[in-house]
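*Asks:* One-letter residues, chain by chain:
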Amino acid sequence: MFQVLKNFYHKLGSFPWFYKISGKVIPIVGFFSISLIVISSIWGLFFSPTDAVQGDVYRIIYFHVPAVSVSQVIYYSMSVAAAVFLIWRMKMAGVYIKSLAPIGAAFTFIGLLSGAIWGQPTWGTWWVWDARLTSTLVLFLFYLAIIGMQSTFTSRKSADTAVSIITLVGVVNLPIVKKSVDWWNTLHQPASISISGGSSISSEMLIPLLLSILGVYLFVFFTGLLFMRAEISSREQNKEWFKKLSSNN
Amino acid sequence: MKQHRLKRLYGVLFIVFCSALAFVLVYLAIRDNVNLFYSPSDLFENPPQGRNAIRAGGLVEIGSVRRATDSLEIEFIITDLKKSIAVNYTGILPDLFKENAGVVATGYFDKSKMSLDAYQILAKHDENYVPKEVKKALEK
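Those sequence lines, one after another, are chains A and B. For the first sequence, the working numbering assigns the number 1 to the initial residue and increments by one for each residue that follows. For the second sequence, the working numbering assigns the number 1 to the initial residue and increments by one for each residue that follows.
One should not assume that every hint holds.
Taking lysine-lysine pairs in the PhoX-like style, the calculated list, with each CA pair at most 25 Å apart, reads [unchecked claim]:
(1) 179/A - 91/A
(2) 243/A - 20/A
(3) 113/B - 83/B
(4) 179/A - 243/A
(5) 83/B - 111/B
(6) 98/B - 135/B
(7) 91/A - 239/A
(8) 11/A - 2/B
(9) 24/A - 91/A
(10) 82/B - 91/A
(11) 2/B - 157/A
(12) 6/A - 91/A
(13) 239/A - 11/A
(14) 24/A - 157/A
(15) 2/B - 6/A
(16) 157/A - 7/B
(17) 7/B - 91/A
(18) 6/A - 7/B
(19) 11/A - 244/A
(20) 24/A - 243/A
(21) 113/B - 82/B
Since the hints were derived computationally from the structure, they do not count as laboratory data. Quick caveat: nothing in here was measured; it's all calculated off a predicted structure.
Generate the whole structure from the sequences, applying the supplied hints.
*Replies:* Pasting the structure below:
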């Protein structure tokens, strides 16, 4: 078992292998992610019941929750990649961080924006400096720092190293984002769904929400693979394997 | 794990540790300001000094809301089920403002009357989502 995992890990670090496999996976993942997003959006916007307290405005949950949830998961995965890059010097980990950072930033932005649009009619304000909102803004700024830092180095290797360090520094913010609503008085309410089971959302509303979360996760997988392929082609364009690949097509 | 990798692993752990330490120190420095609002019990224990605006939060006490008939003026009581303070406000309320629901009021605190002269009212909503029809059926 360990040997299989080890082999897979070594393969994952190989650009030609990744390029070949991702080309096959992308259309399938793309199809499922976009179908799920379309289905869950229509379900959430038109067919799930109206909320007793908030009325129809709560339906923005089908965009807000998937976006903020995936933005945190992307950052966790990037910090794992950062550790892998720093310890094993795996080039693929650098490609991963560079490709996923803009996606994470985009979804954090969607989360902040949809939260503001939701907050205005329900809470009575677009923005308040409470712990949840502020720590999410900090997460967004870390994403921007990671993206910005990419272009400040001429050497690819030093850029990847510096970006990995910044990523690791920011990972401490994630538990704060998650637990802020439990540790402090905030305007934002505590979590409605927890992994350890239990949800305070009625099931008719929860099913489309889970579908939209799954759809967005798959969408990130899909765009992540696309961006990584683009990054690999730009880094490896002068390598033998890549030239052979493009001359064959 | 090979020696040089182990060394780099320690480096990674060191970065995370330093960063965590920095966050903790910042938190300890601003501890009193991280909470968005004071509960009525906090205000009784430690009445705020000075003339700065503060935020008070809790539940709107059932039966305490009094609206003026000729203006947008409103009075109600915020409670945390132990202590309570009076709030007065003039203006438009958020949609989710109602009795027995969460609220955060920003304004100037009057220690002598234990009341808040609010200029902003925000509604808190809880983590529960229930369809309208189900809620109606439950209340019958």
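*Asks:* Each hint: holds or not?
*Replies:* Here is how each hint holds up against the structure:
With a C-alpha separation of about 33 Å, the suggested pairing of residue 179/A with residue 91/A is violated against the 25 Å cut-off. The suggested pairing of residue 243/A with residue 20/A holds, with an alpha-carbon distance near 14 Å, which does not exceed 25 Å. Distance check on the hinted pair: residue 113/B and residue 83/B sit about 14 Å apart at the alpha-carbon level, within 25 Å; holds. Between residue 179/A and residue 243/A the CA atoms are separated by roughly 49 Å; this puts the pair beyond 25 Å, and the hint is violated.
For the given pair, residue 83/B sits about 14 Å from residue 111/B by alpha-carbon distance, which is consistent with the 25 Å threshold. Between the alpha carbons of residue 98/B and residue 135/B the distance comes to roughly 16 Å, so the proposed pair stays at or under 25 Å and holds. Note on residue 91/A and residue 239/A: the hinted pairing holds, with a Cα-Cα distance of about 15 Å set against a maximum of 25 Å. Distance check on the hinted pair: residue 11/A and residue 2/B sit about 20 Å apart at the alpha-carbon level, within 25 Å; holds.
Distance check on the hinted pair: residue 24/A and residue 91/A sit about 22 Å apart at the alpha-carbon level, within 25 Å; holds. Taking the CA atoms of residue 82/B and residue 91/A, the gap is about 59 Å. The hint is violated against a cut of 25 Å. For the hint linking residue 2/B to residue 157/A, the alpha-carbon distance of about 21 Å falls within 25 Å, and the restraint holds. For the hint pairing residue 6/A with residue 91/A, the CA-to-CA distance comes to about 17 Å; that is within 25 Å, so the pair holds.
Taking the CA atoms of residue 239/A and residue 11/A, the gap is near 18 Å; set against the 25 Å cutoff, the hint holds. Taking the CA atoms of residue 24/A and residue 157/A, the gap is about 29 Å. The hint is violated against a cut of 25 Å. About 15 Å separates the Cα atoms of residue 2/B and residue 6/A, which keeps this hinted pair within 25 Å; it holds. Restraint check: the Cα-Cα separation between residue 157/A and residue 7/B comes to about 19 Å, which is no more than 25 Å; the hinted pair holds.
Taking the CA atoms of residue 7/B and residue 91/A, the gap is about 19 Å. The hint holds against a cut of 25 Å. Taking the CA atoms of residue 6/A and residue 7/B, the gap is near 21 Å; set against the 25 Å cutoff, the hint holds. A distance of roughly 20 Å separates the Cα atoms of residue 11/A and residue 244/A; the hinted pair therefore holds under the 25 Å criterion. At roughly 19 Å between alpha-carbon atoms, residue 24/A and residue 243/A fall within 25 Å of each other, so this suggested pair holds.
Distance check on the hinted pair: residue 113/B and residue 82/B sit about 17 Å apart at the alpha-carbon level, within 25 Å; holds.
Violation of the numbered hints given earlier is confined to hints 1, 4, 10 and 14; the remaining hints are satisfied by the structure.
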